[in-house]
Structures are given as structure tokens and as C-alpha cells.
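> Required output: the full structure, derived from the provided sequences and hints.
Under our numbering, the first residue of the sequence shown carries the number 1, and numbering increases by one thereafter.
Label pairs and their computed distance ranges (CB to CB):
(1) R98 to A188: 24 to 32 angstroms
(2) Y332 to R54: 16 to 24 angstroms
(3) M390 to D502: 25 to 33 angstroms
(4) A193 to P466: 56 to 64 angstroms
(5) R54 to G336: 18 to 26 angstroms
(6) H333 to Q285: 54 to 62 angstroms
(7) R54 to R258: 34 to 42 angstroms
(8) A188 to M390: 46 to 54 angstroms
(9) L351 to P256: 19 to 27 angstroms
(10) A340 to A382: 57 to 65 angstroms
(11) G272 to I107: 50 to 58 angstroms
Think of the hints as simulated: they come from the structure by calculation, not from any bench. Glycine included, each C-beta is placed from N, C-alpha and C at the ideal position.
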Amino acid sequence: MGSRVAEVPARTPAAPAPGHTGLVVLDGIGLQVADVVRLADGAARPVPGTDALRRVTESWDAARRIAATGRVYGRSTGVGANRNEDVPTDTAAEHGLRLLRSHAGAIGDELPAREVRAMLAVRANQLLAGGAGLRPTVVTALCEALETGAHPVVNEFGSVGTGDIAALAQAGLALAGEHPWRGGRPGAGAPAAQPLDNNDALAFISSNALTLGQAALALHELRALVEATQVVAALSLLAVDGSHEAYAVPVHAARPHRGSGEVARRMRELIGAADRPTPPLGRIQDPYGFRCLPQIHGPAHDAADALDEILTIEINAAAENPLISPADLAAYHHGGFYQAQLALALDHFRLSLTQVARLSTSRLSTLNEPAYTRLRPFLADAEPASSGVMILEYAAGAALGDLRAFSAPASLGHAVLSRGVEEQASFASLAARQTLRACRAYRLVVGCELVAAVRALRQRGLGADPELPVGRALALAEPVLDADQADRPLTDDVTAAAALLDEFTDIWRGSGT
1 MGSRVAEVPA
11 RTPAAPAPGH
21 TGLVVLDGIG
31 LQVADVVRLA
41 DGAARPVPGT
51 DALRRVTESW
61 DAARRIAATG
71 RVYGRSTGVG
81 ANRNEDVPTD
91 TAAEHGLRLL
101 RSHAGAIGDE
111 LPAREVRAML
121 AVRANQLLAG
131 GAGLRPTVVT
141 ALCEALETGA
151 HPVVNEFGSV
161 GTGDIAALAQ
171 AGLALAGEHP
181 WRGGRPGAGA
191 PAAQPLDNND
201 ALAFISSNAL
211 TLGQAALALH
221 ELRALVEATQ
231 VVAALSLLAV
241 DGSHEAYAVP
251 VHAARPHRGS
261 GEVARRMREL
271 IGAADRPTPP
281 LGRIQDPYGF
291 RCLPQIHGPA
301 HDAADALDEI
311 LTIEINAAAE
321 NPLISPADLA
331 AYHHGGFYQA
341 QLALALDHFR
351 LSLTQVARLS
361 TSRLSTLNEP
371 AYTRLRPFLA
381 DAEPASSGVM
391 ILEYAAGAAL
401 GDLRAFSAPA
411 SLGHAVLSRG
421 VEEQASFASL
431 AARQTLRACR
441 AYRLVVGCEL
451 VAAVRALRQR
461 GLGADPELPV
471 GRALALAEPV
481 LDADQADRPL
491 TDDVTAAAAL
501 LDEFTDIWRG
511 SGT
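What follows is the structure in C-alpha cells.
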């Protein structure tokens, strides 16, 4: 049977649909990572909460009163090293547009619509937390853009992790009618131009919304891929008659790390293993690719949970500088925009992913060994000196090389900017971009293992109980992956396997119910 080939081996979102399949209430309090993804994909319609809009109005009124009676950074003064320069009252309204124009200097490639829409969703929700002090119509304009599918042109580079000011300035100019929009459903154009002034400009761009949106998209995809990887590992375990002892309850009760214990439990459910399995009759213990799976997958799940927690706080945070507090009619100048927690969590997550992907390449090597499969080297056919899936070790190693490069800690970066008054940078923005870039390389590594595991099972004539999750996974994979064992290019096989991982995620999650 021919392969079902995916055009791009990655989760590819659909364009915003004419009819949304649900609502996401933006209230500045309860937005989740999955909600950001739905809005970015055009799968849901944003609705600003009534109480949240009231907070925005109160914050806007308070901000104008504060700025009229005192010095407020970015409203009645310049920004950065110009913070001590006062803006004359008669030019204050123009100051806002000048600030947006001067800061809308992001460079590099245009970002994909999905990433920009994630930024808009995060920024709209943050504004509804009520600390920015800008006009409420900006929020409704952002929600309108999310609903129609329009998005401003935003370029790739401009942030060092202390605020996505260049990207958001481009979005601000688009809201003001001075910067181009892309996309949008037929008959539904960009939002009406907003009259942004000195009370709106810095309030809008004082955020890390692009970084947070990109991080949310990356976490959502990579968490699902880590889950799918365990299903692939279960197929590989079946193909080599692997032991169930590494997943036994006593092993993980004796060393009770939460993530490792959960991975072991899921593996028992995937393969139908007993809580206290009988030792195998053959080899005493398996290679690390199987034996250490809970100890390597577990930390990746823990890192994903930690990142999710930080993202949930940040996408619901009023982190603008200055923070407008209507309750005591004050503007607080602070460093809440600095994304150290996010940068460190993203770096940690990527490093844990590299460990998981490297373990996948270890299992791929085991599948090529006759000592474990009782098959010909490299799962080759009967022709003399056939290479079988030999090349997949090289291909997976190359993709793993990219993943390893993307895992370099972005938080090691350093920058001194604006004449020395901003003397530190988190580089969370770089960490988010690297995490997004890791998605495709990771997916391809695991796709190589899946191709080899299914071939080994076919050659051995092994099946799996169709009532077990691993049996359902095999039933999904066999019609998709080409059964031809002859030496031939395997590019399409890996592409199809990589696309299939999204369905394996559903199997993993179903095993926990």
C-alpha cells in the first residue's frame, strides 16, 4: 500500500474558518494555553468579559487623570534613556504615534499568521487584566481581528526578552491605520483605525505578548509530541520483546518522582503490563532506550507542566510598565516585564526534549540490531547486503543535531541597551523562537523510530491486542506506512509517520482515562 504523505511534517493549522466552533472568554484571569492555540488557529471566537471590559475602562480613566497631574513614564516623558525628558503638553497626543513609529522597526522575515494571532490573543487578554490604562476600543479591535482572521504584518526580530516592543509597535501602527494587515475572511477586513495617543502607545507595546504566544504554540505541540513518543516507544518495546519490569509499581514507589511515576503508569496501560510483572525468560534487562524511559520522559512532562504554569500566569498578567492602579490612583514603575522565569522554563523544557529525542534514536539503533529483533541487520529484506532502514539512523541523527542546537540556553544571552539604563536582558524571545523551531526536528526524529518499529513488527509477524492502546496505535500505523520491505527511499514513509504522531497523542491521552 502506498504511503499517505503529509505535505509538511508538522502540525499545520487551518485558516480561520467562516464559522467558529466555540467561544473563548477573555477576562484577564482564566485564559489557558490551549485557548491561545484555538484563537491562533481560528478555531474559536474571542469574547471579552463584561467585568474585564469594565476594568479596562476604569484603568483608562485613571491613567489619564494620573498623567494629567504628574510625570508618568512613556505618557508625559520619553522612554528608555529618554525617560527624564518631559513631553510638552501641546504635543502629548502626537507623542504616542511618534513612539509607535520609532519603535515599529522589527526586522527579518514576516511571521506566520498563526504566531501573530497568538500574540493578539495574549495581548487582548492581558489588557483585560486592567493594568495598562489604554482605551477600551483597542481591546474590541483586537478581538475583531481575531474573529475575522486579519493580522498585522509583524517581523521576526526586535525583542531581547524585556518586552516585544518592536512587534507590538507594528501591531499598534496597524491599529492606528498606518501599517499593513494581512488575511481576513472575504468581506471582513481589518478593524477600524484607532485614535491612539500618548496614553495608549506605551501602554499597548509594554508586553511580551509575541513571546508568550509563540511559547504557548510551541508548548502545545511539543507536549503532545512527547506523549506520542511514548506510544511509539511502546511499539518498539513490542518489536524487541522488551521487559515490563522498568515500569513496575515497586520501582517507582521506591523513587517517587511524579513525572517518572506517571510515565511508568501510562506505559503499563499502553502495553497491558501488570503492576508487578513477571521477569522475562530471555535477557535480564533492556537497553536504556526502554529501561530508562520513565526517568527521561518524566522530567520532560515535569518541565512542560512548569512552563504551562508560568505561561498561564503571564498571559493573564497586568505586567505593563508603569502599572496603572485605579484603586489608589497611582502609576507604579517596575520591572514586571522582565521574563526571567519564562526564559529559564523554556530553556529547561527544550533540554528535556533533547533527552527524550535522543532516547528515540537509541531505540532506533536497537531496532536495527539482530540480537534484539532476531531479524536481519537494519530490518533489511532477503536480498544480500540490503541496507533496509540503515539511513534512518543518519537522518534521525541529523534532525537530532538541529534539536540539540536549538536547545542551547537562550538565557545565557546578555545585552546592555539604551545608553546603559537597560543593562540586562532575559532573551525569552529567543528561547520561544528556538522552542518553536524544535517542533519539526523533534517530530522527524520520532517519525524515524515509528517507521522502523512498524517494519520490525511486520517482519516478525507480531500484532498487539486491538483492545490495548498499543494495538490501536499499530492499527492506525499499518494502513499509513508502506509495507514494501525492499530497499527504496524512505522519505515519504518518515513524512507520513511524523504526521501520524498527532493521532498517537490522542491514544496516549486516552490511556490515562
